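Colleague: As given, the protein sequences belong to chains Y and R, one line each in that order.
Under my numbering, think of the first position of the first sequence as 9, with each following residue one higher.
Under my numbering, think of the first position of the second sequence as 18, with each following residue one higher.
Derived by calculation from the structure, the hints in this document are not laboratory data.
Among the hints, erroneous ones may be present.
To be verified - With a straight-line Cα cutoff of 30 Å, these simulated DSBU-like cross-link-like pairs (lysine-lysine) come out:
id, chain 1, residue 1, chain 2, residue 2
1, R, Lys75, R, Lys85
2, R, Lys86, R, Lys75
3, R, Lys75, R, Lys118
4, R, Lys86, Y, Lys65
5, Y, Lys65, Y, Lys17
6, R, Lys118, Y, Lys17
7, R, Lys86, R, Lys118
8, Y, Lys65, R, Lys118
9, R, Lys85, R, Lys118
Remember, it's a predicted structure, so these values are computed and weren't measured experimentally.
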Amino acid sequence: DSGVTQTPKHLITATGQRVTLRCSPRSGDLSVYWYQQSLDQGLQFLIQYYNGEERAKGNILERFSAQQFPDLHSELNLSSLELGDSALYFCASSQDWTSSDTQYFGPGTRLTVL
Amino acid sequence: AQSVTQLGSHVSVSEGALVLLRCNYSSSVPPYLFWYVQYPNQGLQLLLKYTSAATLVKGINGFEAEFKKSETSFHLTKPSAHMSDAAEYFCAVSPSGGNEKLTFGTGTRLTIIP
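Chain Y extracted, bound-state conformation (with noise of 0.2 Å):
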């Protein structure tokens, strides 16, 4: 268990609809990462947040969005969606925001879209 939740462990939504993700940091841990896993992307960096503000941004859509709250949790929204967004979505979190930092992953969200 590395400390890190993911909610919900399963969405099963149709095309078109909006989605939200939540992860809970690790306690302690300032920054979340959030990433998505398919099978013909392979594990793809979505989007950073660090202590609320955003710190980097990787191929994330702009149908997707995400923000950190000030209890640190994060939530990842994904909007207009199509088949090709059926994923794995992964949450990490980290203490800083340093490149030598473990970052701790969560347990994902699967997302099929219908």
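Using the hints provided, position chain R relative to the given structure of chain Y.
Modeller: Chain R only, in chain Y's frame:
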């Protein structure tokens, strides 16, 4: 920009045999390198990381990796495979300049033959 290449999407070894999973990196700045393991239906767990200290890095579960700058490699090894090592292994890189983005390889699925 940094990247990692994992040679061999599938590797099979007999129980008790040497495990060798290959990772080569490309980075314009000195990199930090990581190996993560993903068991079925679980998140990623850090095995070990190289952050420019000792070139031979020991991790959990008997794994180790050696950073070889001349070969731009960071191969993962374990002297004696156990059935419990069956999983998917990911090599990842981030630049040491403070950018915390992790770039993952495509993964190697390790199968242990009884």
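Colleague: Going through the numbered hints above, which ones does this structure break? Give me the numbers in ascending order.
Modeller: none
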